[in-house]
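J.: Start from the sequences, fold in the hints, and give me the full structure.
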Amino acid sequence: MSIFSLTVIASLLISSIRSATPLVLAALGGIFSERSGVVNIALEGIMLIGAFTAVMISYSSGSAWLGVLAAMAAGVAIAWLHGVVSIKYRADQVVSGTAINILAVGLTEFLLAKFFGQAGQTPNVTPATLPTWLPLHGFTQQVTAFAWIAAVLVVLTHVVLFHTPLGLRIRAVGEHPRAADTVGINVFHMRYLGVLLSGALAGLGGAALSVGLLNSFTDNMTAGRGFIALAAVIFGKWSPFGALAASLLFGFADALQTQAQIIGLKVPSEFLLMSPYILTMLALAGVVGRSTPPAASGTPYEKGER
Amino acid sequence: MSDRKAKRLFTGSIPLPTFEGFLVPILAVVAALLVGVLFILWVGKDPILAYKALWRVTFGSTRNTLETLVDTVPLIFTGLSVALAFRCGLFNIGGEGQYLVGSLAAAVAGYALPGLPAVVHIPLVLLAGFAAGGLWAALPGWLKARFGIHEVINTIMMNYISLYFVHWLVIAHLKDPTNLSQRTPKILESAVLPNLLQNTRFHLGFFVALLVALGVYFLLWRTIAGYEIRAVGLAPAAAEYGGISVARNIILAMVLSGGLAGLAGAVQVAGISLAYYDGAGFVGYGFNGIAVALLGRNHPAGVLVGALLFGALGRGGVRGMQAIADVPKSMIGVVQAAIIFFIAAEGLFRVLVPHLRQRRQASRGPGPAGGTGGEGAPHSGTATEGGAGR
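First to last, the sequence lines map onto chains A and B. Each residue of the first sequence is one higher than the one before, counting from 1 in our numbering. Each residue of the second sequence is one higher than the one before, counting from 1 in our numbering.
Treat the hints as calculated values from the structure; they're not laboratory data. Small disclaimer: the values here were computed from a predicted structure and weren't measured. Glycine included, every Cβ here is placed at the ideal spot set by N, Cα and C. Among the hints, erroneous ones may be present.
What the hints assert, rightly or not - Simulated restraints on C-beta separations: (1) 66/B with 66/A: 49 to 57 Å; (2) 279/B with 175/A: 38 to 46 Å; (3) 264/A with 182/B: 19 to 27 Å; (4) 120/A with 65/B: 25 to 33 Å; (5) 120/A with 52/B: 26 to 34 Å; (6) 268/A with 177/B: 56 to 64 Å; (7) 117/B with 295/A: 51 to 59 Å.
What the hints assert, rightly or not - Covered by chain A, per the in silico footprint, the following chain B stretches (three or more residues, Cβ under 8 Å): (8) 37-45; (9) 148-154; (10) 285-297.
Claimed, not checked - Chain B is faced by these chain A residues, among others (derived, beta-carbon under 10 Å): (11) 84; (12) 92; (13) 96; (14) 227; (15) 228; (16) 234; (17) 265; (18) 269; (19) 276; (20) 293.
T.: If you want it as structure tokens, here you go:
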């Protein structure tokens, strides 16, 4: 089949959007956290916990949307742990993030065994969908409701970060916490806010995976998507629209990879799977545009320190 | 730089951790095991029975102890890998990828070089693993040294690049055509690390690990190269002013660190699996190496203890907790994560040890990571670093 066939293009487009959706959501979380000055390599773990919580609550309550809310709450809870350890106790944020990623794998496996009495995979649940009377229902069914949520949240994140006093404060504590502190901004509150928002969004990203694109939870089902989201944050230069573009590009690479055979593409799928990471390294090195992180990202803040 | 730190750097004395240096890891482990108790109770099992089972399968008999030591071996290497990088102020989170490329290189060296005597072949196999891991880590090291790009991001990215790259190499080029499972051909007899005791997996690799730990200690505290690495880790600006090349040492430390993680893979291939099996996933030794280094305070002796603990937890979780006490083995993952949290947030124990805070502040190093000694933690905001871009 030719690559130029309309149906192929349409199906590539749709699967690009599908693959990109969880990435965008988690990447928006990463932006909030990093913009406030806290590195969040725990996106992967938070997504995994979100994905599990969404299925568990959907299964027990019968409402997928309740599961989605629960996933966001669980994300906030785990992010709070990251916040306490790395903001209050000023621990290394990468160490704390690593601990969360290890915790997420163990905890979700444990809870799967505890609540479902089985290993590896949960029973199926009904995915979260939008009412049929809404416009574009057919398209929505294919890209899932989460694609719309992600689109709205991209715009919202942009407005909050760049057009509100709150966004200015978040960015200020990420760029120059000392200066922000002297003008009366509470650095710790802003950083907690950034981290908790990242938890909610990464949890939502996990839910988009388990009760949006799919309808059950499997062990370690995020399979590195949290790290691709992190890559999207960097490749998108810490901006919401940049992260959206990066996620769509990475989603496209993933779509090509899954449909390579149909299109007759000769590139081994492994190279397409690697491409987000390679592109991100190139972007950091300045080969593909220059990516510069918020200046204070990764540095714990200590009041009264010179 | 505090007096204590200066003394430690310039006299080259053995950096024995202070009282609280020992205390925090011990408290962290105890606290994490108590978290484990809560989880065991939550699934309605008997925690005493579960921990007894864990003990029995790890240290309950000579044979079990030896098997536990075998499981410790890769963690010693990855723990040393992370610790050495920490000492230079670098956070090598790429151990998983370096382990994979090291394993594959060792497997290829193990089957593709026939006709060698074991005394030549075994060192060659280990060297192949070391070189592959070292080369893999050289790139993020160079990017950090040359452009100031943070090594954490690049080593994470390279973990995934290696995962797919190694997978592709195996399925497209290196797969054993005579075998159904996705693995390379078996390594030759001459490449196998000899088994030292019948009916166990206890192999020479354990002693290689001890020797390498000693070597890392010797390198860091008894050679000029090690002095330079530590100087860059403690105070890069001062080191540069003193005529030490920060860039050169960053690359050197990353290569050595990556090499150690690659060596972990090589020893597993030459001692246990005898081929590279493509599992299309990470093995976890790289990430657990971070925990082992933190537990061991970035000191080779501490790393040995940390590796023993993590090796035992890993083995005990599957064979003890799950098989005997019917507690999900994933509970151990929770305990391991809790250990890292408790060490990272050592301030939690301040309530218990009032002196901790004052003394820690006195010795506070440039890095934010756990490590009461202060030294060896990744530095943030230094002359060479300055974020990912300038």
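J.: It remains to establish, for every hint, whether it holds in the given structure.
T.: Evaluation of the provided hints:
no.	hint	result
1	66/B with 66/A: 49 to 57 Å	holds, 51 Å
2	279/B with 175/A: 38 to 46 Å	holds, 42 Å
3	264/A with 182/B: 19 to 27 Å	holds, 25 Å
4	120/A with 65/B: 25 to 33 Å	holds, 32 Å
5	120/A with 52/B: 26 to 34 Å	holds, 28 Å
6	268/A with 177/B: 56 to 64 Å	violated, 18 Å
7	117/B with 295/A: 51 to 59 Å	holds, 57 Å
8	37-45	holds (count 3)
9	148-154	holds (count 5)
10	285-297	holds (count 5)
11	84	holds, 7 Å
12	92	holds, 4 Å
13	96	holds, 5 Å
14	227	holds, 6 Å
15	228	holds, 8 Å
16	234	holds, 6 Å
17	265	violated, 15 Å
18	269	holds, 8 Å
19	276	holds, 8 Å
20	293	holds, 5 Å
Going down the numbered hints, you'll see the structure goes against 6, 17, while the others check out.
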